[in-house]
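Enquirer: Residues per chain are reported as follows:
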Amino acid sequence: MIPRHLLIAVAVMLLAVLVLGFYAGRVRSRVTQFPSAAQDVRPVTPPASGPTERVTLYVAYDDAGVLRAQVANIPLPAARQQRAEEVLRSLLGTYLAKDSPHPIAAGSEVRAVYLVDPGLAVIDLNAAFANGHRSGILEEELTVASLIQTLAANIPGILRVKILVEGRDRETLAGHADLSDFYDASAVSQLAGQLQAGQ
Amino acid sequence: MPDRTHTRQRVHIDCWVFTLLLALTLPAGSADEKKIAVFSPAATYSILVVDRDGREYAGLLEVLEPLGQVSSRTDGLHWTLRYNQVEAEFTNGKKRARIAGHDFDLPANFVLENGRRGLVPVAALNYLLPRILGTSVNFNPAARRFFIGSVAVHFTAQISRTAPPRLIMNFTAPVNPSIATEPGGLRMTFNRQPLVAPGTSTLTFDDREISSANYSESNGVSEISVNGTVPLMASFSNDGRTITIAPAPQQAAAPPPAATPSAGSVTGAGPVTPAVPGVALPTAPLQPRHFYAVIDAAHGGDDRGATLSDKLLEKDVTLALARRLRQELEARGISAMTLRDSDANLTLDQRAIFTNTAHPVVYIALHASSSGKGTRIYTALLPAGGENNGPFVAWDTAQSAALASSQAAAQGVAAEFARRQIQARTLSAPLRPLNNVTSAAIAVEVAPPGTDVMDLTLPAYLQNVASAVANGVAAGRDKLGAPR
Numbered sequence: 001m002i003p004r005h006l007l008i009a010v011a012v013m014l015l016a017v018l019v020l021g022f023y024a025g026r027v028r029s030r031v032t033q034f035p036s037a038a039q040d041v042r043p044v045t046p047p048a049s050g051p052t053e054r055v056t057l058y059v060a061y062d063d064a065g066v067l068r069a070q071v072a073n074i075p076l077p078a079a080r081q082q083r084a085e086e087v088l089r090s091l092l093g094t095y096l097a098k099d100s101p102h103p104i105a106a107g108s109e110v111r112a113v114y115l116v117d118p119g120l121a122v123i124d125l126n127a128a129f130a131n132g133h134r135s136g137i138l139e140e141e142l143t144v145a146s147l148i149q150t151l152a153a154n155i156p157g158i159l160r161v162k163i164l165v166e167g168r169d170r171e172t173l174a175g176h177a178d179l180s181d182f183y184d185a186s187a188v189s190q191l192a193g194q195l196q197a198g199q
Numbered sequence: 001m002p003d004r005t006h007t008r009q010r011v012h013i014d015c016w017v018f019t020l021l022l023a024l025t026l027p028a029g030s031a032d033e034k035k036i037a038v039f040s041p042a043a044t045y046s047i048l049v050v051d052r053d054g055r056e057y058a059g060l061l062e063v064l065e066p067l068g069q070v071s072s073r074t075d076g077l078h079w080t081l082r083y084n085q086v087e088a089e090f091t092n093g094k095k096r097a098r099i100a101g102h103d104f105d106l107p108a109n110f111v112l113e114n115g116r117r118g119l120v121p122v123a124a125l126n127y128l129l130p131r132i133l134g135t136s137v138n139f140n141p142a143a144r145r146f147f148i149g150s151v152a153v154h155f156t157a158q159i160s161r162t163a164p165p166r167l168i169m170n171f172t173a174p175v176n177p178s179i180a181t182e183p184g185g186l187r188m189t190f191n192r193q194p195l196v197a198p199g200t201s202t203l204t205f206d207d208r209e210i211s212s213a214n215y216s217e218s219n220g221v222s223e224i225s226v227n228g229t230v231p232l233m234a235s236f237s238n239d240g241r242t243i244t245i246a247p248a249p250q251q252a253a254a255p256p257p258a259a260t261p262s263a264g265s266v267t268g269a270g271p272v273t274p275a276v277p278g279v280a281l282p283t284a285p286l287q288p289r290h291f292y293a294v295i296d297a298a299h300g301g302d303d304r305g306a307t308l309s310d311k312l313l314e315k316d317v318t319l320a321l322a323r324r325l326r327q328e329l330e331a332r333g334i335s336a337m338t339l340r341d342s343d344a345n346l347t348l349d350q351r352a353i354f355t356n357t358a359h360p361v362v363y364i365a366l367h368a369s370s371s372g373k374g375t376r377i378y379t380a381l382l383p384a385g386g387e388n389n390g391p392f393v394a395w396d397t398a399q400s401a402a403l404a405s406s407q408a409a410a411q412g413v414a415a416e417f418a419r420r421q422i423q424a425r426t427l428s429a430p431l432r433p434l435n436n437v438t439s440a441a442i443a444v445e446v447a448p449p450g451t452d453v454m455d456l457t458l459p460a461y462l463q464n465v466a467s468a469v470a471n472g473v474a475a476g477r478d479k480l481g482a483p484r
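Note that the protein sequences, when read in sequence, are chains A and B.
If you count the first sequence from 1, position 135 lands on 135 in the numbering used here, and the numbers rise without skipping.
If you count the second sequence from 1, position 245 lands on 245 in the numbering used here, and the numbers rise without skipping.
Please keep in mind that the hints were generated in silico from the structure rather than gathered at the bench.
In this text the structure is predicted, and so the values were computed from the model without any measurement.
All C-beta atoms, glycine included, are put in the ideal place defined by N, C-alpha and C.
Fair warning: there could be bad hints in the mix.
Claimed, not checked - Among the chain A residues that face chain B by a calculated CB cut under 10 Å, a handful are:
(1) D62
(2) L159
(3) A187
(4) L195
Assemble the whole structure, with the sequences as input and the hints as a guide.
Expert: Set out below in structure tokens:
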């Protein structure tokens, strides 16, 4: 006959195995809920640091086909170039949000903004932004006008803007809006006026 | 970067290079393309013929689209086409087809491409189309020319024994061929007229200076060659129903023979020379063809444009709309040329070059979108830079001198849309090739009238849009001026 204390010890050990097994299963399922590094399309840019400042974003609204000026408070670094990048990242953040008025592709990112004197700004966007952009004259020109007008409104002295994708020239954004040329900031400002008026 | 861009793009608009490019590019492209010309009371158009398994095939949707309301759906290997009330069913890789409940055997297998484009052997069109269209069809397979209904234009030719002699050709409907003079004769090419052969293909005249005329047709085009021993000239009268051919005056015979540009993928109709009613003898040398409007169906070929739905591509909507717009303009007496009349590839630079070479009064690009409602009319948003240098005009800002005319044209078209209660908005846009075109240039982007994007295929809606654009252009003729 098996001694009583031995039976109790075996039962406790079996119970411990079951509890640990259940716990291991829970932990594993929780881990698989996180995307792998390769799938994660979220920007890897570190958050900006600096005092919070008020900026004006020209936000596109697809439903009415208009641009609307919106004030936002975002942390801005002191350097002019980094400020330009942060302003545009804030704009793209608006478009990437869940209730975006002008949705853009997941993973869209401003890679860099180069300010070249005199008065030239070069916006370098990533491939996800351009390749996933919706095709259409109005959709594309809302995006382009929004980027350029936001940049020109918050970074003084910008006269011309060039848009690159992954550091390279591209003919159009998604089949319509021309990216091969330099944009005249004052001409885009007039266009933004038309788009704001909803003419 | 700016230097490179500007160096690349500084081009003299009227430079002979454009003419050379046009002369080299168009005939080269057209020589390789097999086409079927379709002539019907509703539309005249051409579609491309493709070779599959050593046989000639044509897209059935492309054939029927300009003729009426047509739709298709794919279910696995089965492809069903609906034209008005007639339904036709085909199976990929099978010869058996079913039209309006009756079975037919095609001479070769039906081909379904990309899950949506149904190709039928060209030889089968002769008996497929009468059953689908419910009307008589006359097909000349050797020349690849289709006549739907009673549209044929006949002609007679008679020599007038005057001094100098005149060959008087009378047509049963107005014609506007492109004309080329060449040593030993004169050649008239009828791209868009349903001209049919006379009783005999060679007509001989008992005259030393104008000896004979030959009729020929191939690849959708008919041609009349008039043979002579002296340089010949043609003049039009009787509203384009009569062409009189006579020896050229002495001073006009000296220059080397000139040919009008031939139309490759570029098709259109327009007056060759101003018709002089009642005047039989030529009084002026031949003029190159002038088109009032150039219509550009945006995208095409590999460039599909926006994917409007899983069944609808922007390039297909723009082509259907361009065909209707050309008809609407021509119905108002406005000569119009379409830059593409098939699913052809054209770069933005090519579109601008062809347009600038044609010197139209107005260039109209057509786009389609699933976003928003109604229409949007765009003029060029000119890029930065663009310094002209003497007679050389910067390519990127070639539109600048014509921008005011473009805006007037856009306003005219928008007013017509408003009159028809179609929502319209005028904007500038960074949209090539608007900024490269030297004449008035607008782009019309058509969105569905309601929430269903498939409404963009509704013939009534497309017709209304095309008619509004044509009315807007016609109303602005006084402001825009005459063809150069």
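Enquirer: Could you run down the list of hints and mark each one as holding or not?
Expert: Going down the list of hints, with the structure as the test:
{"no.": "1", "hint": "D62", "verdict": "7 Å, holds"}
{"no.": "2", "hint": "L159", "verdict": "8 Å, holds"}
{"no.": "3", "hint": "A187", "verdict": "6 Å, holds"}
{"no.": "4", "hint": "L195", "verdict": "7 Å, holds"}
Checked against the numbered hints above, the structure breaks none of them.
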